[in-house]
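Start from the sequences and build out the full structure, keeping to the hints where you can.
2 protein chains.
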Amino acid sequence: MASGDESVTIVGASGALGFGLALRLARAGVEVVIGSREAERAEEAAQRAHTLVPNGRFSGLDNGAAAAANELVVLSVPFRNHSETLTNLKGSLRPGQLVLDATVPLAAAVAGKATRMLGVWQGSAAQQAQEMVPDGVSVVAGLHTVSAGLLGDLDHALHEDVLLCGDRRPDKARAAALIERIDGLRAVDAGRLEMARIVESLTALLISINVRYKTQAGFQVTGLPDALW
Amino acid sequence: MASGDESVTIVGASGALGFGLALRLARAGVEVVIGSREAERAEEAAQRAHTLVPNGRFSGLDNGAAAAANELVVLSVPFRNHSETLTNLKGSLRPGQLVLDATVPLAAAVAGKATRMLGVWQGSAAQQAQEMVPDGVSVVAGLHTVSAGLLGDLDHALHEDVLLCGDRRPDKARAAALIERIDGLRAVDAGRLEMARIVESLTALLISINVRYKTQAGFQVTGLPDALW
Chain A
30 MASGDESVTI
40 VGASGALGFG
50 LALRLARAGV
60 EVVIGSREAE
70 RAEEAAQRAH
80 TLVPNGRFSG
90 LDNGAAAAAN
100 ELVVLSVPFR
110 NHSETLTNLK
120 GSLRPGQLVL
130 DATVPLAAAV
140 AGKATRMLGV
150 WQGSAAQQAQ
160 EMVPDGVSVV
170 AGLHTVSAGL
180 LGDLDHALHE
190 DVLLCGDRRP
200 DKARAAALIE
210 RIDGLRAVDA
220 GRLEMARIVE
230 SLTALLISIN
240 VRYKTQAGFQ
250 VTGLPDALW
Chain B
30 MASGDESVTI
40 VGASGALGFG
50 LALRLARAGV
60 EVVIGSREAE
70 RAEEAAQRAH
80 TLVPNGRFSG
90 LDNGAAAAAN
100 ELVVLSVPFR
110 NHSETLTNLK
120 GSLRPGQLVL
130 DATVPLAAAV
140 AGKATRMLGV
150 WQGSAAQQAQ
160 EMVPDGVSVV
170 AGLHTVSAGL
180 LGDLDHALHE
190 DVLLCGDRRP
200 DKARAAALIE
210 RIDGLRAVDA
220 GRLEMARIVE
230 SLTALLISIN
240 VRYKTQAGFQ
250 VTGLPDALW
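Keeping their order, the protein sequence lines are chains A and B.
Under the numbering used here, the very last position in the first sequence is 258; numbers go up by exactly one each time.
Under the numbering used here, the very last position in the second sequence is 258; numbers go up by exactly one each time.
Heads up, a few of these hints could be off.
Unchecked claim - Restricting the straight-line Cα-Cα distance to at most 20 Å, the calculated cross-link-like pairs of lysine to aspartate or glutamate (EDC-like) are:
#1 B:Lys142 - A:Glu223
#2 B:Lys119 - B:Asp91
#3 A:Lys243 - B:Asp196
#4 B:Lys119 - B:Glu160
#5 A:Lys119 - A:Glu100
#6 A:Lys142 - B:Glu223
#7 B:Lys243 - A:Asp196
#8 B:Lys119 - B:Glu67
#9 B:Lys243 - A:Asp255
#10 B:Lys142 - A:Asp196
#11 A:Lys142 - B:Asp196
#12 A:Lys243 - B:Asp255
To be verified - Here are a few chain B residues that face chain A, going by a calculated C-beta distance under 7 Å:
#13 Ser230
#14 Arg241
#15 Gln245
#16 Ala246
#17 Gly252
#18 Leu253
By construction, these hints were calculated from the structure, which means they are not laboratory data.
Using N, Cα and C, we set each Cβ at its ideal position, and we do this for glycine too.
Shown next, in the form of C-alpha cells:
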C-alpha cells in the first residue's frame, strides 16, 4: 500500500463507477475530491464513502471547484452529460492538468441498447473531451472495462486490465500510476487517443457478455512483458 | 486430444491466420480442407502444412470445391478480397452450412493504418458475409484476436479467448466446439452478430498494443463461469 501522498478529483463520483473508484483509491491512500453538479450531492457522496472506507480522505465539492482542486481529474459521467460537463469545466481546468476520461457513448444515452454505441463525430467521448478542454489540458481515456459493481464491492479481489489511450506517453504513465494504486488493476498502453473509439466500445461488448453469462466480466491482455511503464 | 472425427474447410488458409489454424486443428485430429483461389496454391499450402504436422490430414482445393466439402467453413481472407470471395462462393455454399468469418476490415486494406478500421456499411465484415451468403447459411464471427504468428508457432502454448458473435446460439456452440479443439483457446459467446463490429476492431486494438510492447498480445475475459456452452 502506498504512502498516500497523492490526490485526485473524480467528477461524477456520485455515479457507480466514480464512486467505486473513489472507494478503492481512498483505501489505497489517495486523497479523493468528489465532484458533482451540486456541492450537496458531492458532500453526501463523500460522507457515504467515508462510512465505507473510514480511514479514507474524502471531500465533496461542486464540479468546478473539484476540477480545480487536483492536477489529475477523472471524468466519469453518463455520456448524455459529457459535453455539458466539459463546457461547465472550461473555466476551472488549467494547463498541465490531466483528465482521465472514463465516459462511454453507449446508445443507452438516447434510450438505445447498452450493447450498442453512438457515433461521436470526434471519434470517441475521449476525443470529444480533448476537443473541449482548454489548451494545455491533456486527455487520457481509460477505465471503461472495469465493472462499477465489482469496483464498489471492496471485498471483491480485482484481477484485470485497464486499457489506456492517449497521445502522450507521460500522460498515460501518470494515469497508470494512479490506476495501479488499486490492487488487482494493471494499466496497459493501448495506443493513441484515437484508439479510444475501440476501447470505449469494449464496455458495450462486456455488457453483451455479461447478459449472456450473468456476470460482471472484465478484460486481460495476454502476452505482455512484465514491465509495462 | 479428440478422436478426429471432424472436418473443416478453411478458405484463405494460404494466409498466415488460416494456415496457423489449419496446423493447430489438424494436430488436434481435425481433417482440414484448405481453400485458395487457385487449386495449386491450396495444394501447395496443404503440402507445406503436412510437412509441419506429419500426422495431420490436409487437402487443397479451389475455394468453390473447398467450401462445398464441409459443413463448417472458416473464412480467413484479407478484407479487400472478402466481398469478391463471398460472391464467388455463392454457388458453392448450401443451406445448413456455417461460415466462421475471421475477416477484419482493417484500414490497411486501402493502404491505411492497421490500427484503424474501415466503416463497413453492414456494420462489420461478418454482417457483410451474412448478407452475401445464400439463404440458410449462417455466419458466426470469431478468431479475430488470435495472433497468426503464435497460432502458426506450434511450440507456443496458447492461453487466450476467442470471442464469438452470431445470431443463433447453436451456431456459436458449433464454432466453439471447433475452436476449443485447439489447446489453450477458449470460446466466449460475445452476443449477436452485430457485436462483430466491436469484436473485429479488437484486431486493430491488439496491433496498437503489439507495436507498443513488441509482442503478440491476445485477450482473455475475466469473471466468466466455468461452463460457457
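Hint by hint, here is what the structure shows:
no.	hint	in the structure
1	B:Lys142 - A:Glu223	12 Å, holds
2	B:Lys119 - B:Asp91	14 Å, holds
3	A:Lys243 - B:Asp196	18 Å, holds
4	B:Lys119 - B:Glu160	11 Å, holds
5	A:Lys119 - A:Glu100	15 Å, holds
6	A:Lys142 - B:Glu223	12 Å, holds
7	B:Lys243 - A:Asp196	18 Å, holds
8	B:Lys119 - B:Glu67	17 Å, holds
9	B:Lys243 - A:Asp255	12 Å, holds
10	B:Lys142 - A:Asp196	16 Å, holds
11	A:Lys142 - B:Asp196	16 Å, holds
12	A:Lys243 - B:Asp255	12 Å, holds
13	Ser230	5 Å, holds
14	Arg241	5 Å, holds
15	Gln245	6 Å, holds
16	Ala246	4 Å, holds
17	Gly252	4 Å, holds
18	Leu253	6 Å, holds
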